[in-house]
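Read top to bottom, the protein sequences are chains D and Y. Everything in the first sequence is counted per this note's numbering, starting at 1 for the first residue and increasing by one. Everything in the second sequence is counted per this note's numbering, starting at 1 for the first residue and increasing by one.
Among the hints, a few may not be true.
Unchecked claim - Among the chain D residues that face chain Y by a calculated CB cut under 10 angstroms, a handful are:
hint : residue
1    : GLU175
2    : ARG190
3    : PRO194
4    : ASN195
For the record, the hints were derived by calculation from the structure and aren't laboratory data. Note that the Cβ used here is the ideal one computed from N, Cα and C, for glycine as well.
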Amino acid sequence: MATGRARRVGDNTATRRTLIALAALITALFLFMPLVVIIAEAFAAGWSGYIGNILDDYTLDAIGLTLFVALLTVPITLVFGVFMAWLVTRFQFPGRKLLTALIDIPFAVSPIVAGLLYLLLYGRNGWIGEWLGRYDIQLMFAWPGIVMVTIFVTCPFVARELIPVMQQQGSDEEEAGVVLGASGWQLFRRVTFPNIRWALLYGVILTNARAVGEFGAVSVVSGSIRGQTNTLPLQVELLYQDANVVGAFAAASLLAGIALITLVAKSIVEWRQDRP
Amino acid sequence: MSIEIDAIEKSFRGVSALAGIDLQLPAGQLTALLGPSGSGKTTLLRILAGLEAPDQGRIRLAGRDVTDVPVRERRVGFVFQHYALFRHMNVADNVAFGLSVRPRRYRPSAARIRERVAELLEMVQLGHLADRYPAQLSGGQKQRIALARALAVEPDILLLDEPFGALDARVRKELRRWLRNLHDQLHFTSVFVTHDQEEALELSDQVVVMNQGRVEQIDAPQPLYERPASRFVFDFLGRVNVLEGSLHDGVLTQGKASIHLPAGPRPAGPAQLYLRPHELRLDDQPSQRLSAAAGRGHQSDRCRSPRRAAAGWLGE
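For reference, chain D alone in the conformation it holds in the complex (with noise of 0.2 angstroms):
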């Protein structure tokens, strides 16, 4: 062998190209594919079937449905999230471990299943239920539920993404505010946020994402009363049940073009954050 160095895995043109390939083919039948069908399913029946299907009144009622959930569920997240991650970054206590490993209890559990705990512990027969019903009130089968397990789904995203990166920043620059004279909270809006606002904007554009998109313990909790308690995901599978494909495929295109929105705007921040 008359080459100096040692020949590493991808050296060979043949091998590389196969690999290069192998993912081009992969991401072309599971990831592009989809979105085409998608797209192409959705105007099957031209512009005005299209625009037909969206402006159905049931599918408007599901469109607000999702953006209002999204709009409470978002700085709920957020300040939990906030809150979350300052505490563990930024304290020492005990349980603090145990704490930072229930942050991601939502993303173990299976969504449905949060949905069924969801109505144990608040539906009309539940523990905490039976208790609000005598008051009149009822969470389940109702937007305050569908509100709540999306919550409940979406909470670890910004504590997720917050936590790394505060861990790494350390509490330095914190604490030369604070011999600086700084209050609580000018530290966190002149020192900490600033720091953290590129985290904070990516844990929320994941956190809007899902909060749209979330189907299964919505599913679970929403009774999918048209028109009152169906959010868009749930919308896109009474449609396609009810065999109007093309108005299910017209519904999921709005959650596709969310779903490419949101990748676009993930880059765009990964693009800042990485900048020093």
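Using the hints, position chain Y against chain D.
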């Protein structure tokens, strides 16, 4: 402003970091806390700043008990080891921070803050860098900005945590002299932490040597170097030669070598002599006071007696 440290104790998860520290640091002086890592010097500095709370004991600044005064009201300046400049603010905003977070009633006007920042940047000789961001500065520049930022709020005491630790040797020396000059002009009361004995001896008015959470010795640099009070201090302050042997009638012998020690009461028996290399000098004339066979063979060099045979370093 004088600093009084009274019976401070601190432990982390059952491990003692400070085991009863008592110190009086006079106003207007530059004091070094010197010790190896783990000696508790940084913990003590952080307790002085209020960044850490002691388990026991009190801290007084000019007689006022500040033990329970929160950090932000304690009026201390703190320079962090890794500068801790606000990375998203330019140099001017960094220096202005302490003034701009004051409650509205005490906050100087924007124009006054700008003026003050310009003065401070002039003082640290970095006026031309006001618009730069920390990432664009060298280590020495960052350190000076950190100092200007700490001094902006006119603190009662200035605390510096390993202020030159992260700098290369040449910059470190320069900055050391510069800080000393600045101190001689402004006479702030300051305490700095270091593990570098040269730095402590050159820069400070007074050195506190710490070891395992205790104070080993407090003294001005010169007397500290010349009359270390313990084996640890002697060892820590510079190069040291240890001669083992046995002691009889003021003469330490090891095989054929022997050395006469200055007068002083010492127990007979096995002993160790600690001395600085520069306290010995080679001589070509044999001496009654000291003889040492050097190396292999029969050649024997003779050394003259040490200028200061270190009294008190013998045996235990």
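Does ASN195 of chain D hold up as a contact with chain Y if the rule is Cβ-Cβ below 10 angstroms? Check passed: Cβ of ASN195 of chain D comes within 6 angstroms of chain Y, closer than 10 angstroms.
Interface hint check: PRO194 of chain D, Cβ to nearest Cβ on chain Y, cutoff 10 angstroms. Holds or violated? Because about 4 angstroms separates PRO194 of chain D from the closest Cβ in chain Y, which is inside the 10 angstroms limit, the hint holds.
Closest C-beta approach of ARG190 of chain D to chain Y relative to 10 angstroms, hint status: With a minimum Cβ separation of about 7 angstroms from chain Y (threshold 10 angstroms), the hint on ARG190 of chain D holds.
So, GLU175 of chain D near chain Y? Judge it on the closest CB pair being under 10 angstroms. Because about 6 angstroms separates GLU175 of chain D from the closest Cβ in chain Y, which is inside the 10 angstroms limit, the hint holds.
Going down the numbered hints, you'll see the structure goes against none, and every one checks out.
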